[in-house]
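*Asks:* Protein chains in written order, with my numbering: chain L, 1 to 201; chain V, 1 to 298.
The reader is advised that the hints may include incorrect statements.
As the list claims (entries may be wrong) - Computed, partial: chain V to chain L, Cβ under 10 Å: (1) R2; (2) G31; (3) G32; (4) I36; (5) I39; (6) R40; (7) L44; (8) D47; (9) P75; (10) Y77; (11) G101; (12) I104; (13) R187; (14) E291; (15) T292.
Honestly, the hints are just simulated from the structure, not real lab data. All residues carry an ideal CB built from backbone N, CA and C; glycine is no exception.
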Amino acid sequence: MKRWLERVAKRRDIESGNEFRDWLAVEAGADQPGNWRKNGYQTMAKQRIISTTINGNVVEFLAAPRQTLLEVLRNSLDLIGTKEGCSNGNCGACTVLLDGRPVDSCLVLAVEVEGACLETIEGVAASDGLHVIQDAFLEQAALQCGICTPGFIMSSKALLDENASPTEEEIRFHLAGNLCRCIGYDKIVRAVQQAAEGETN
Amino acid sequence: MRDFEYEAPTSLDDAVALLSENPDASRPLAGGTDLIDHIRTRRLEPDLVVDVKKIPELNVLEITDSGLRLGAAVPCYRIYGDSQIATSYAAVADSCRIIGGTQIQSRASVGGNLCNSGPAADSIPSLIALAARVVIAGPGGRREVAAEDFCTGPGRNVLESGELVVEIVFPARPEVGGSHYRRFIPRNEMDIAVVGVGVDLELDASAGRFVSARIALAAVAATPLFVEAAGAALVGQAVSDEAIAAAAAAAREAATPIDDMRGTIEFRKHLCGVLTERVIREAVARARGEETGYRIGQ
Numbered sequence: 001m002k003r004w005l006e007r008v009a010k011r012r013d014i015e016s017g018n019e020f021r022d023w024l025a026v027e028a029g030a031d032q033p034g035n036w037r038k039n040g041y042q043t044m045a046k047q048r049i050i051s052t053t054i055n056g057n058v059v060e061f062l063a064a065p066r067q068t069l070l071e072v073l074r075n076s077l078d079l080i081g082t083k084e085g086c087s088n089g090n091c092g093a094c095t096v097l098l099d100g101r102p103v104d105s106c107l108v109l110a111v112e113v114e115g116a117c118l119e120t121i122e123g124v125a126a127s128d129g130l131h132v133i134q135d136a137f138l139e140q141a142a143l144q145c146g147i148c149t150p151g152f153i154m155s156s157k158a159l160l161d162e163n164a165s166p167t168e169e170e171i172r173f174h175l176a177g178n179l180c181r182c183i184g185y186d187k188i189v190r191a192v193q194q195a196a197e198g199e200t201n
Numbered sequence: 001m002r003d004f005e006y007e008a009p010t011s012l013d014d015a016v017a018l019l020s021e022n023p024d025a026s027r028p029l030a031g032g033t034d035l036i037d038h039i040r041t042r043r044l045e046p047d048l049v050v051d052v053k054k055i056p057e058l059n060v061l062e063i064t065d066s067g068l069r070l071g072a073a074v075p076c077y078r079i080y081g082d083s084q085i086a087t088s089y090a091a092v093a094d095s096c097r098i099i100g101g102t103q104i105q106s107r108a109s110v111g112g113n114l115c116n117s118g119p120a121a122d123s124i125p126s127l128i129a130l131a132a133r134v135v136i137a138g139p140g141g142r143r144e145v146a147a148e149d150f151c152t153g154p155g156r157n158v159l160e161s162g163e164l165v166v167e168i169v170f171p172a173r174p175e176v177g178g179s180h181y182r183r184f185i186p187r188n189e190m191d192i193a194v195v196g197v198g199v200d201l202e203l204d205a206s207a208g209r210f211v212s213a214r215i216a217l218a219a220v221a222a223t224p225l226f227v228e229a230a231g232a233a234l235v236g237q238a239v240s241d242e243a244i245a246a247a248a249a250a251a252r253e254a255a256t257p258i259d260d261m262r263g264t265i266e267f268r269k270h271l272c273g274v275l276t277e278r279v280i281r282e283a284v285a286r287a288r289g290e291e292t293g294y295r296i297g298q
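Input sequences plus hints: build the corresponding full structure.
*Replies:* Written out as structure tokens, the structure reads:
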């Protein structure tokens with residue numbers, strides 16, 4: 001019996017990349033899908049290898065279906081510039097660009113980004129200096145605690161990539177999905193306006 | 001987040017087969033802006049999540065001679081980003097521009113908004129007003145349901161075990177027609193409708209008389225509400241303050257809202273009248289090709 005368990009566990013390790021959880025699950029008789037309900041144990045869903053491009057680099061990572069893109073960026077890939085705020089799509093602190101579109105990475109499953117092109121705050125600055133939006137945020141003092149800032153910069157970048165000279169109203173509506181609880185929004189809007197002027201010039 | 005399995009089939013048949021295996025423990029995933037949050041908070045506990053975004057039929061977005069086909073997984077930004085749809089099926093574009101913020105609009109779909117079946121869903125009154133039909137696929141084959149018959153209660157709808165919405169189809173536009181959706185919220189954006197009103201109008205060739213009219217309300221009943229009487233108050237009438245006021249009165253009359261943190265019954269019924277009038281005037285202006293003053297947040 002023990003040898004059989006070892007064999008099963010080894011096979012499952014290879015297939016899934018999981019270790020101890022599957023050991024426990026197999027011992028509890030949960031090697032058949034659905035058995036965990038009867039036995040009170042849950043087998044971990046299979047992890048998969050996900051291949052994406054992040055900030056121009058091809059990146060492969062292991063992720064279980066239940067992991068959000070935000071979790072993987074921060075916990076597996078050490079890209080901790082992307083912040084976790086509300087975790088339910090209200091605050092925009094975790095905004096990244098997915099195939100050029102701003103998304104809340106807390107509402108994207110990591111397994112969904114297979115083959116996608118991602119851009120995070122870590123990829124915004126050039127090697128020789130800050131991006132014009134980052135410079136504008138500094139010059140306009142458009143941040144205080146800074147937790148919302150990476151999200152605001154990613155959203156602003158998505159806006160300016162699409163619309164080089166937005167009106168103040170367009171900026172405010174575009175940034176509606178990003179919340180700042182320190183300084184309010186006027187300085188942020190001014191920073192985006194300055195960045196737009198900088199980019200146009 | 002709770003553990004679950006994930007599949008991303010590339011054909012509708014495969015998706016139906018996956019969802020039918022264990023229908024009560026499976027959920028389709030389109031934009032995920034509601035589903036992922038519901039799983040995280042354990043309001044839903046699926047064992048299998050079926051990502052439907054790789055299925056071609058659910059990504060269709062096209063205007064043909066017979067009307068508009070809107071795949072159930074098409075995200076909001078693609079809808080309002082299509083200038084032909086934004087003009088011809090303006091109410092749907094109006095809805096998509098105000099569902100969540102930009103990040104949500106990158107992912108959230110009208111199909112998902114419909115399947116969540118919230119009484120305050122911003123896209124559903126537009127679907128009802130524009131006489132959309134919902135195409136459903138399941139283990140028993142395909143069927144179609146009128147948008148106004150889709151929702152059966154808060155968070156409940158006509159979908160049966162193993163079924164999913166494939167697309168939403170809209171009839172071709174009349175020669176002279178206009179549609180509009182707007183809602184009242186205390187902020188400018190990122191909020192749930194206190195009341196929402198969607199309307200679609202057809203005018204005669206002189207654009208002076210109502211030929212047909214469909215009006216639907218959000219957040220004033222257990223489901224999005226189709227108010228036939230409000231449309232009927234306009235049909236055959238000249239475009240006039242009196243006709244518009246009669247339609248607004250019918251909308252006010254049909255509403256059966258609740259008191260909650262967003263508004264009282266009295267306030268919501270009042271809003272039904274005010275918004276219905278404004279929405280009709282905007283749709284008339286659009287049908288006439290006039291410059292309109294509508295901006296989001298008004």
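*Asks:* Would you mind marking each hint as holding or not holding in the structure?
*Replies:* Tested hints:
Checking R2 of chain V against chain L: minimum C-beta separation of about 6 Å stays under 10 Å; hint holds. Proximity of G31 of chain V to chain L holds as hinted, the smallest CB-CB distance being about 8 Å (cut-off 10 Å). Among the interface hints, the one on G32 of chain V holds; its C-beta lies about 6 Å from the nearest C-beta in chain L, closer than the 10 Å criterion. Among the interface hints, the one on I36 of chain V holds; its C-beta lies about 5 Å from the nearest C-beta in chain L, closer than the 10 Å criterion.
Because the beta carbon of I39 of chain V sits about 8 Å from the nearest beta carbon in chain L, less than 10 Å, this interface hint is met. With a cut of 10 Å, the hint placing R40 of chain V at the interface with chain L holds, because the nearest CB-to-CB distance is about 7 Å. Taking 10 Å as the C-beta contact cut-off toward chain L, the hint placing L44 of chain V at the interface is violated, the least distance being around 13 Å. Satisfaction of the interface hint for D47 of chain V is found here, the shortest Cβ-Cβ separation to chain L being roughly 8 Å, below the 10 Å cut-off.
About 8 Å separates the beta-carbon of P75 of chain V from the nearest beta-carbon of chain L, less than 10 Å, and the hint is met. Given hint, Y77 of chain V at the interface with chain L, holds; its Cβ is 7 Å from that chain's nearest Cβ, closer than 10 Å. This hint holds: G101 of chain V has a C-beta 2 Å from the nearest C-beta of chain L, less than the 10 Å allowed. For I104 of chain V, the suggested interface contact is upheld, since its CB lies about 6 Å from the closest CB of chain L, less than 10 Å.
With a cut of 10 Å, the hint placing R187 of chain V at the interface with chain L holds, because the nearest CB-to-CB distance is about 9 Å. For E291 of chain V, the interface hint is violated, the least distance from its beta-carbon to any beta-carbon of chain L being 17 Å, above 10 Å. The beta carbon of T292 of chain V is not positioned within 10 Å of any beta carbon in chain L (closest approach about 16 Å), and the interface hint is therefore violated.
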